[in-house]
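Q: Listed below, chain by chain, are the residues.
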Amino acid sequence: MLLTNLPLLHSGVIDHVQARSAQDMVARRLSELGFVPGEPVRVVALGPVGHDPMAVEIGFTRFALRRAEAERIVLRQAGATPAPSTPPLEVAA
Amino acid sequence: MTVMPATPPAGVTTLHGVHNDATGQAGAPLRVALVGNPNCGKTALFNQLTGSRQKVANYAGVTVERKAGRLVTPAGRKVQVLDLPGTYSLTATSPDEAVTRDVCMGRYKGEPAPDLLICVIAATNLRLHLRFVLELKQLGRPMLVVLNMVDTLERQGLSVDVPRLGAELGLPIVTAVGTRRGGAAELLAALDQPLPTPPAPLPPTTDLHAEVHRLLNSCVTRTRTGRKKLEDVLDRWVLHPVWGMAILFVLLFIMFQAVFSWAQPFMDGLQSLMDGFGAFVGSILPEGVLRGLAVDGIIAGAGTVIVFLPQILILFLWILALEESGYLPRAAFMLDRLMASAGLSGRSFIPLLSSFACAVPGIMSTRTIQNPRDRMVTILIAPLMTCSARLPVYALLIGAFIPHRQVLGVFNLQGLVLFALYALGILSALVVARVLKTGEREEHPLLLELPDYRMPSLRNLAQELWQRARIFLSRVGGIIVTLSVIMWALSSYPAPPPGATGPAIDWSLAGRIGHFMLPLFQPIGFNWQICVALIPGLAAREVAVSALGTVYSVGAADTDTAASLMPLLSSQWSLATALSLLVWYVYAPQCFSTLAVIRRETASWRMVWVTALYLFAMAYGAAFITYHITRMLAG
Amino acid sequence: MVQVSVVCLVLAFCLLYWLQRLAPALTAPLWRGGARLLPAGAWREQCEQRGRLPVKSGCGQCNGCDRTGGGCH
Chain B
1 MLLTNLPLLH SGVIDHVQAR SAQDMVARRL SELGFVPGEP VRVVALGPVG HDPMAVEIGF
61 TRFALRRAEA ERIVLRQAGA TPAPSTPPLE VAA
Chain F
1 MTVMPATPPA GVTTLHGVHN DATGQAGAPL RVALVGNPNC GKTALFNQLT GSRQKVANYA
61 GVTVERKAGR LVTPAGRKVQ VLDLPGTYSL TATSPDEAVT RDVCMGRYKG EPAPDLLICV
121 IAATNLRLHL RFVLELKQLG RPMLVVLNMV DTLERQGLSV DVPRLGAELG LPIVTAVGTR
181 RGGAAELLAA LDQPLPTPPA PLPPTTDLHA EVHRLLNSCV TRTRTGRKKL EDVLDRWVLH
241 PVWGMAILFV LLFIMFQAVF SWAQPFMDGL QSLMDGFGAF VGSILPEGVL RGLAVDGIIA
301 GAGTVIVFLP QILILFLWIL ALEESGYLPR AAFMLDRLMA SAGLSGRSFI PLLSSFACAV
361 PGIMSTRTIQ NPRDRMVTIL IAPLMTCSAR LPVYALLIGA FIPHRQVLGV FNLQGLVLFA
421 LYALGILSAL VVARVLKTGE REEHPLLLEL PDYRMPSLRN LAQELWQRAR IFLSRVGGII
481 VTLSVIMWAL SSYPAPPPGA TGPAIDWSLA GRIGHFMLPL FQPIGFNWQI CVALIPGLAA
541 REVAVSALGT VYSVGAADTD TAASLMPLLS SQWSLATALS LLVWYVYAPQ CFSTLAVIRR
601 ETASWRMVWV TALYLFAMAY GAAFITYHIT RMLAG
Chain G
1 MVQVSVVCLV LAFCLLYWLQ RLAPALTAPL WRGGARLLPA GAWREQCEQR GRLPVKSGCG
61 QCNGCDRTGG GCH
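So the sequences go chain by chain: B, F and G. Residue numbering for the first sequence follows the working numbering, beginning at 1 and increasing consecutively. Residue numbering for the second sequence follows the working numbering, beginning at 1 and increasing consecutively. Residue numbering for the third sequence follows the working numbering, beginning at 1 and increasing consecutively.
FYI, nobody ran anything at the bench for these hints, they're computed from the structure. Worth double-checking, as some hints may not be accurate.
[Claimed, not checked] One-sided excerpt, in silico: chain F residues whose CB lies under 8 Å from chain B: (1) Thr-93; (2) Gly-244; (3) Ile-247; (4) Glu-449.
Values in this document were obtained by computation on a predicted structure and should not be read as measured data. Quick reminder that beta carbons are idealized off the backbone N, C-alpha and C, glycines included.
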């Protein structure tokens, strides 16, 4: 499941970030910003037109991502769990 | 402050610099650099540390703003502080971030490596910011960590074991509250200590994120469960597809309202001050060329521009307040889709908004756009946003030609025309961006952090505003005064022969240039007087109003040139000419400063020519169409 | 006469200012010449500094920072 499939105010856990090429700067920046395996993410808002961009919360931080960027983020199959998410401090398994 | 070096991993030598107690006591000041993620409160801390002893310039050879300031520690040690642009990582994706990377690594030409790196991290965002600390630590330079915004920990229900965090990091750490008076006391005391030993780098294979988790788990405890309440509640409204848009439009509406009505009394005051000063200088200087130069050249030239200071400051105040409060990135979020339809990203919104004050700061703030092509296109369309310098011209022409009449009972026709001119600029910008971006397949990342909401600190706002005012006034002192002098000389010489009739300008160089330009501008309805006024308008658009005054020899004794010009213009020009000039002003590349800043920001003359030519072509085309359509309709 | 010369001086200064802004390459020889005339000291250093043309490097003309991982210079 991709981050873009997550409904509003639901959370999931990142499985991995899919780089589109060997030099995918977006994927690289995403990992630097903390989008790394095991992190819980939550969708906090969706853009006004076509749900693009989306605002997600990871840890203490909120980021605005376009859908094209969010599509690189693959979530674990456990399925979406409704909010509230796990407290960001605890490392999810 | 305790310095607890981490156990160096096997095989890594930690022999770097030595303690350097003597630095700074005498001779060269200690050079420190503030580094940190965006939104870590670094700038507030910098303002707090250095107060008004700041110097804003550019880094040698690039256009990234270099902010440096000086301070003296309680023990009397002199320190030079450099505020580096915020960055998420040392892998740079924008010119700003490249500067930070190079200065930190000490390989920036013309900028000696700082003696000490002060890494500022926000207590509210440790997970993200600690990763950058670890990345910086790998550089193996003397380094100090400042845990900023510790006052918000309580609100978030968190508690940090600061000494332990320092020990685990192997770095000295102090706490600070950048926005509170005296909030940097610990940092100042730390600067009196000997330089810390450079930290031992972690093994290159370390997973920084895992290390951050380890640090968080051992040093941070949650005192109270519960989510971030404020952001959750506010974002539900602010980022709402309908309410969010409504909030955005209300804020923008109030902003323009503020710029155009609140500034008026201040502007009137400044205007009468300048007029009084001109009259005073005129009375003490003897009749002659010198008086002409001082009164008509320098004072009148600088005066017409200084008058706009209140408008510009109010606009900046709004933009700064929106930025500090954390709202601006959210506005970019709301408008990202609109910008995407023009091939840009929400990031371009912030520079374009600033361009309503003046395209110069707008173009300068495009530095935060990572994609070079997006940045170029944003720079190209920024001059289409109606800047405050165009207002006097619009006001004059609308006042003279558009009847003061109610439309549909609520709208004022004059106001509607003004709004239409703004809208025309914005729409054209979107179209131009779309055209420039056709056929582009490249991706435009948005990847924008939505920082926590913060109450803007008044002290910080005042300080930033003072910086802007200083930059603006020095611009007036340099560019505008010198150009006014040149313009004055052009329109006064050669003097008319004795006994000549008609305005003196007819005989001058400027007058001749006006007549020379006429064939080019006749098709769009301009007369030679307008052509003359266009030239000084190159320096600053608003000068065109005073230039028209000179051309129509409205007495300089009149305090309000615009008021006496209005009836004159409406009797001499046709409606078609007036509308054509208005439309011309929406597009015309009439501002040397904008072109100069484009040259500086892009380091390419080609971009300058491209901008000037495309704007000129659009201005000419649109004015041509307007002129001929109006003539057909009005007969 | 005094007035005219003052005005000429001011005008010359303004023209030079714009020349320096728009085409520093044209005014560089002027600065170098000035530096040679001046006695050694802070003024001379200032003149020499201005006589040197800016080195064309750095992020001002950076393009491709995003693709090359920031390695543009």
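Q: For each hint, tell me whether it holds in the structure or not.
A: Here is how each hint holds up against the structure:
1. The restraint placing Thr-93/F at the interface with chain B holds, with a minimum CB-CB distance near 6 Å, inside the 8 Å limit.
2. Using the Cβ-Cβ criterion of 8 Å, the hint placing Gly-244/F at the interface with chain B is satisfied: the shortest such distance is roughly 7 Å.
3. A distance limit of 8 Å between C-beta atoms decides the matter here; for Ile-247/F the minimum to chain B is near 12 Å, and the interface restraint is violated.
4. For Glu-449/F, the interface hint holds, the least distance from its beta-carbon to any beta-carbon of chain B being 6 Å, beneath 8 Å.
Figure legend: structure checked against the earlier numbered hints; the only hint not met is number 3.
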